[in-house]
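**Student:** For reference, the chains in residue letters:
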Amino acid sequence: MMHNHKNESVFVSGDEAVALGVRLSRPHVISAYPITPQTIVVERLSEMVEDGSLVARYIHVESEHSAMSAAMGASSVGARAFTATSSQGLLYMAEGLHYASGGRMPIVMMNANRSLALPWSIFGDHRDSMSMLDSGWIQVYVEDAQEALDMTIQAYRIAEDSSVLTPLMINLDGFILTHTYELVEVPPQEEVDSYLPPFSTPNKMSLEDPKSMGFSTSPADNMEFKYQQHKAMMDSREVIKQADKEYAEIFGRSYNGLIDCYQCDNAEYILVTAGSVTGTARVAVDSMRSKGIKAGVLRIRFMRPFPEQEVRNTLAGAASYGVLDKDISFGYEGTMFTNVNSALSGTAHIPRGINFIGGLGGRDISVQDIEEMFEALRLCPAHDYTEYRKNRIRFVNMGVSIHE
Amino acid sequence: MDKPELKNFTKPESIKDYPVGPSFSGGHLVSVNSGWRTFKPVVALDTCTGCYRCYLVCPDGVIVKTEAGKVAVDYDFCKGCGVCAHECPFDAIEMVKEDLQK
Amino acid sequence: MLLYLNFQNTVSNIATGGNMIKVRWLGRGGQGGFTASRLLGKAASLFEGKYAMAFPSFGPERRGAPVLAFTRIDDKKITDRSEFDSADYLVIMDESLLDESAMTSLSSEGKVILNSAAPQRYSSLAGSRRIIALDATTVALEIINRPITNTAMFGALVAASNIVTLNSALSSIEAEMKPAIAAKNKDIVKKAYDLVKEMIDG
Chain A
-15 MMHNHKNESV FVSGDEAVAL GVRLSRPHVI SAYPITPQTI VVERLSEMVE DGSLVARYIH
45 VESEHSAMSA AMGASSVGAR AFTATSSQGL LYMAEGLHYA SGGRMPIVMM NANRSLALPW
105 SIFGDHRDSM SMLDSGWIQV YVEDAQEALD MTIQAYRIAE DSSVLTPLMI NLDGFILTHT
165 YELVEVPPQE EVDSYLPPFS TPNKMSLEDP KSMGFSTSPA DNMEFKYQQH KAMMDSREVI
225 KQADKEYAEI FGRSYNGLID CYQCDNAEYI LVTAGSVTGT ARVAVDSMRS KGIKAGVLRI
285 RFMRPFPEQE VRNTLAGAAS YGVLDKDISF GYEGTMFTNV NSALSGTAHI PRGINFIGGL
345 GGRDISVQDI EEMFEALRLC PAHDYTEYRK NRIRFVNMGV SIHE
Chain B
116 MDKPELKNFT KPESIKDYPV GPSFSGGHLV SVNSGWRTFK PVVALDTCTG CYRCYLVCPD
176 GVIVKTEAGK VAVDYDFCKG CGVCAHECPF DAIEMVKEDL QK
Chain C
850 MLLYLNFQNT VSNIATGGNM IKVRWLGRGG QGGFTASRLL GKAASLFEGK YAMAFPSFGP
910 ERRGAPVLAF TRIDDKKITD RSEFDSADYL VIMDESLLDE SAMTSLSSEG KVILNSAAPQ
970 RYSSLAGSRR IIALDATTVA LEIINRPITN TAMFGALVAA SNIVTLNSAL SSIEAEMKPA
1030 IAAKNKDIVK KAYDLVKEMI DG
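Residue numbers (the numbering used here), protein chains in the order written: chain A, -15 to 388; chain B, 116 to 217; chain C, 850 to 1051.
By construction, these hints were calculated from the structure, which means they are not laboratory data.
Careful: at least some of the hints might be erroneous.
Said to hold, decoys possible - Below, a sample of chain A positions facing chain B; criterion: calculated Cβ distance under 8 Å:
no.	residue
1	102
2	103
3	218
Unchecked claim - Cβ pair distances, simulated, as ranges:
no.	chain 1	residue 1	chain 2	residue 2	range
4	A	184	B	133	41 to 49 Å
5	C	1046	B	137	47 to 55 Å
6	C	1016	B	146	42 to 50 Å
7	C	869	B	191	36 to 44 Å
8	B	144	A	348	22 to 30 Å
9	B	140	A	385	55 to 63 Å
10	B	159	A	385	41 to 49 Å
All residues carry an ideal CB built from backbone N, CA and C; glycine is no exception.
Turn these sequences into a full structure, and let the hints steer you where they fit.
**Tutor:** Here's what the structure looks like:
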């Protein structure tokens, strides 16, 4: 635990931790529209603005589309902007996501991961953010409330870096993280100020240096702007690692960059996860290890930019790997599985991979479920190819039989 | 107003038993709510004037008009919220602590 | 109403090693079960230097609907967020929720803390120390005139388990609640605590 005596210890939910991180980051503008399970973030922020502990312009808009539009308006005059959403709200602002990233506006947004209708569901899975991977936003998936607070601060540092200038989405698992209470260390404002400089960008409306902003392109120029965005996202990898390193120097906490591994060094069977289910997976890894099975878990923190080198290096020596997707691209496979498989393409020996589709619409994933995943990974290298291919995509913890 | 129709619902055992998409037959309930109460409304029929204000304000629609021109509570579905007692202009309804001896 | 509780049905605790304590809180919407789970977590983490995690079972929230909440307490960082069904303590805030299925969520060594309008019904089982029954509703009604039993059950659990000290429990109430209601809730905690201590020691 942190020994910084200036830290304040609090027992808060993931949502509250984000609000505390936002206040420390000194945004100028907060545009807010509530949606379960993000509501507590925007409610806490409104209380903070009301009581004066957060000096910011709080704009209560009438929809998420407007929330993103207002954040863009703020960013375009050089203001540091924040907004938050989830699920249906994220999709409602979908065109705004592309606008913000294409406009190189380093907005930071918290997304509470929640399933998408239909059927209507308020419960958590990753379908909302995974369906927005192509929107040009940097995407991080945090595991606990402490990381949620820390990444909110780091997010502005990464997004606003002059070589990046790309908006960043912080994903928290709906309910499992947003509404679960745990111990969080809140750093003092002075330390955050020393880490996070004020926002400065060349892309802002100004009387001294007038700009034409948000223009259109013909086929002659569009690809050049898109290439720039792609390059900036690729360059952000180093910025992310540096931001993490400097954060550790000041605050004493590191998250190891783009991925976070547990017991992967000599692991034969590795499960790839994202978000707070990793915590349950760690317990399962300990349980498997106590039975002599060399299990490990690879937590992907950033889905964009995708840590393909780190993933490739970590999975190279495994006998088999599993990817636990809380998402499914209907008609094919889970999105993380697709991304991981591509990272392994072209390597001399590709271990066998199994996609575990679980947790959709808030379905529980238990330690036992994950132990069964490791058991499946243990058995699959020995199967013949046809057998393996037939059972490569598996839905976990179904309440009914799905066999014909 | 009639009592809701109570239908027994058994969870599907096979994926084939699920409806195609989120659409299913309507107009019924699958459980009673009587276990939810701590207090239950008791109507003093001598005081009741049959103004039907409670019938109007009950959020669950469990107060019914009787042939005698008064009201009665459907205790299978009353959740004990107390709005009826609060709204009765004649204080004819009292919220009484439920004895859970079964 | 169950007069004999079949403890043989309870699932044996999956050995996870370490000193993790798991508490399940079972109540109805509006009775403050989730608040109680947070009060315990706060007491353990902010006032006793332990790690804690508190969360509700997430489902539609309506006054009267059954609510399940969880508290985990450990000496080391807690990472598992899944719901558990092998609790060391099962706090039942509403007697109508006590049934065989509720009992299967208790570990083989687990204890039940029960709010009952007639606690003497359970005196035959008191000797086993597996069930502690008290009339928390009356404690709450007498002090705050409302049947909100969460802080009484919190006090009862603390007395029955010693997971945290009474002082930490009271500090937690002060830290969590506004001053106007904290004072009376501290009284409720103390009263329920004393009631249960007397039952156990007396």
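**Student:** Give a verdict on every hint.
**Tutor:** Hints, one by one, checked against the model:
1. Here the hint on residue 102 of chain A is kept, as its CB sits about 5 Å from the closest CB of chain B, short of 8 Å.
2. Given hint, residue 103 of chain A at the interface with chain B, holds; its Cβ is 4 Å from that chain's nearest Cβ, closer than 8 Å.
3. For residue 218 of chain A, the interface hint is violated, since its Cβ never comes within 8 Å of a Cβ in chain B; the closest pair sits about 41 Å apart.
4. In this structure the supplied range 41 to 49 Å is violated for residue 184 of chain A paired with residue 133 of chain B, their Cβ-Cβ distance being about 55 Å.
5. Take residue 1046 of chain C and residue 137 of chain B: their Cβ atoms lie about 52 Å apart, and the range 47 to 55 Å holds.
6. At about 43 Å, the CB distance of residue 1016 of chain C to residue 146 of chain B agrees with the hint of 42 to 50 Å.
7. Remark: the range hint 36 to 44 Å for residue 869 of chain C to residue 191 of chain B is upheld by a beta-carbon distance near 42 Å.
8. For the pair residue 144 of chain B and residue 348 of chain A, the supplied restraint of 22 to 30 Å holds, since their beta-carbon distance comes to about 26 Å.
9. At about 23 Å, the CB distance of residue 140 of chain B to residue 385 of chain A disagrees with the hint of 55 to 63 Å.
10. Remark: the range hint 41 to 49 Å for residue 159 of chain B to residue 385 of chain A is contradicted by a beta-carbon distance near 55 Å.
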